[in-house]
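Student: Here are the chains, one letter per residue:
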Amino acid sequence: MKTFVYIDHFKGEIQPASWEAIGLGKSLGSVSAVVFGSGVDAVAKAAFEYGADEVFVADDAALADYRAETYASTLSALASVQSPDLILFPTTARTRELAAMTAVDLNTGVLTDISGLEANGDQLVATRPIYEGKVLEKSVCSGKPVLATVRGRAFPKPEPDASKAGTPTKVEVKADALTNVEGYSASESAVNLGDAGVIVSGGRGVSNNPSLQPPAGMDEKQTELWRAQQGFTLITDLANVLGGAVGASRAAVDAGYIPYSHQVGQTGKVVTPDLYIACGISGAIQHLVGMRNAKIIVAINKDSDAPIFKQARYGVVGDLFQIVPALTEAFKKKLGK
Amino acid sequence: MKIIACIKQVPDSEAKVRAENGQVTWGDAPLVINPFDEYAVEGALQQKEANGGTVTALCIGPESAREALKHALAMGADEAVLVSDPALNELDTVGAARVLAAAIQKIGAELIIFGRQTLDNGSGLTPAQTARILGLPMLSWAGHIKVEDGNVKVDRVIEEGRVTVSAKFPAVISVVQSIGEPRYPSFMGIRKASKATIPVWSLDDLGTSAPAAAVRRTEIMNPPVQETSIEIVSGESPAEIADKLADKILAEKVL
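Quick mapping for you: the protein sequence lines, in order, are chains A and B.
Residues in the first sequence are numbered from 567 upward in steps of one, following this note's numbering.
Residues in the second sequence are numbered from 96 upward in steps of one, following this note's numbering.
Rather than coming from a laboratory, the hints here were simulated on the basis of the structure.
Hints are supplied without guarantee of correctness; some may be wrong.
Okay, the calculated beta carbon distance ranges per label pair [stated by the list, open to error]:
| hint | chain 1 | residue 1 | chain 2 | residue 2 | range |
| --- | --- | --- | --- | --- | --- |
| 1 | B | GLU314 | A | THR789 | 48 to 56 Å |
| 2 | B | PRO318 | A | LYS577 | 34 to 42 Å |
| 3 | A | SER593 | B | GLU314 | 16 to 24 Å |
| 4 | B | VAL295 | A | GLY595 | 46 to 54 Å |
| 5 | B | GLU115 | A | GLN648 | 56 to 64 Å |
| 6 | B | ALA307 | A | ALA728 | 46 to 54 Å |
| 7 | B | THR149 | A | LEU901 | 54 to 62 Å |
DSS-like mimics (lysine-lysine), calculated; alpha carbons at most 25 Å apart, straight line [unchecked claim]:
| hint | chain 1 | residue 1 | chain 2 | residue 2 |
| --- | --- | --- | --- | --- |
| 8 | B | LYS143 | A | LYS861 |
| 9 | B | LYS339 | A | LYS898 |
| 10 | B | LYS343 | A | LYS899 |
| 11 | A | LYS861 | B | LYS97 |
| 12 | B | LYS143 | B | LYS97 |
Each residue gets a CB set at the ideal place from its N, CA and C atoms; glycine is no exception.
Chain A with its partners taken away, still in its complex shape:
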């Protein structure tokens, strides 16, 4: 089988699931990585190191900013000439859009967010979540190539081998952008919940520390936000010690405690870390569907009846403002940090 793997990156920062997709492609046959952008030699080099047999590169000022139309047209033109059987993408906001458009161009379909892929004769059968992961489906695509976006952390990541190198093959750019990119502002904190092995999340409870004395002159809402900030600082400290990311419940996001990009759940991000620590999160269904596939779930909550305890492997019924800092200290000691 001939597989293309689209290496998704943002300003050179590569989505790790791109490498997992290379690993998946290699298990089925040969892999050609596809790299678009401007000044992307390092990305192409890394693609060889992670096992790509061949790397197609479109390196052009017109591709400096990701724009769906230009990228899709360039990818469709390349695929029309090269006729891969399968094009894999890591699942991100960009690739859902890029794969969607490419499928229209190539008169085929996309299997999104797959967590399994098996060859059954000459047909590829993908496993993917539907209904927010409440049900799984197996689905097939009769078009050619089959397009699929790969869920982060669902497939093993190959080890890079620095001795592997090659010369990238240049690809012609189809510059037919319909949009202009006018500016970019980075998140206050880098959030990549999809690839995180450890996530420590806070809920509405993070603003409930009565022992904190807010600075004078704050009104009620300001006090609440200030308290929430102190709470999320404790959560961030624990996440940092564990090398993890900070998540949040919808209640915490809606209350303005933390930006939307941190939200785990039905209207946020569905995550599958190895360790998920929920602090002050009661466990509304909309949050649970976003994290219940984590390998180990730990819940810290004052309310022993909170639904989150029904999902958790370990629970602490207690005050997160005491338990979380103590846990940070315990891990610092045990992990030698």
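Take the given structure of chain A and dock chain B to it, following the hints.
Tutor: Chain B alone, transformed into the frame defined by chain A:
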């Protein structure tokens, strides 16, 4: 300005959705407007308020999907159109996009607004596929929309931050939650919606036929049942609890 909000009807997110005898079932849980599409209606109404014009809610679905359109009308949409045809039962996302594109052309619009994905299929492909079929610019994952001088500018909310992107009309937009909490239907809105006539268009009315599906479901399964026996960690002091809990987590070898 003519604005179309594309919506879908799905089982309520509280529904206990399960695979049973090769079918997806959700018991007697209600069907509702897809929660992400409420943000699309909200975004459309914001643009109507800012720039004048009308909002048309558009939905593909069975007769029962009228209820989702009524919700959009009750929120403040001016009109609603249901595309319904027995031949549309096996649509994939490209097929849905082709049917929506035909309906959008029939209605005519400067802005076409989608939610970022549906709760049922969840693929999030249809907005960009509709834009591609129509040959229109796609402004995905918008957290903020602003119309000025014949251009539409959005803040695209992605994992890495916010990207400001602009395009000329007409354009397709998909919105995320940052667009603002969807308004509740007003009493007047609900009354108006209950009296509204919602035209139903067949594929013949759109002058098109049912697109063949490339993507097909072959099997559905319930996710493996997880071991959920919880162990409550307790102790004399926070430090003692934390120490025990850290040991247990380390023993799981997930770090």
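Student: A separate judgement is required for each hint: does it hold in the structure or not?
Tutor: Here is what the structure says about each hint:
no.	hint	in the structure
1	B:GLU314 with A:THR789: 48 to 56 Å	holds (53 Å)
2	B:PRO318 with A:LYS577: 34 to 42 Å	holds (36 Å)
3	A:SER593 with B:GLU314: 16 to 24 Å	holds (21 Å)
4	B:VAL295 with A:GLY595: 46 to 54 Å	holds (48 Å)
5	B:GLU115 with A:GLN648: 56 to 64 Å	violated (43 Å)
6	B:ALA307 with A:ALA728: 46 to 54 Å	holds (47 Å)
7	B:THR149 with A:LEU901: 54 to 62 Å	holds (60 Å)
8	B:LYS143 with A:LYS861	violated (46 Å)
9	B:LYS339 with A:LYS898	holds (14 Å)
10	B:LYS343 with A:LYS899	holds (15 Å)
11	A:LYS861 with B:LYS97	violated (48 Å)
12	B:LYS143 with B:LYS97	holds (8 Å)
Of the numbered hints listed earlier, those contradicted by the structure are 5, 8 and 11.
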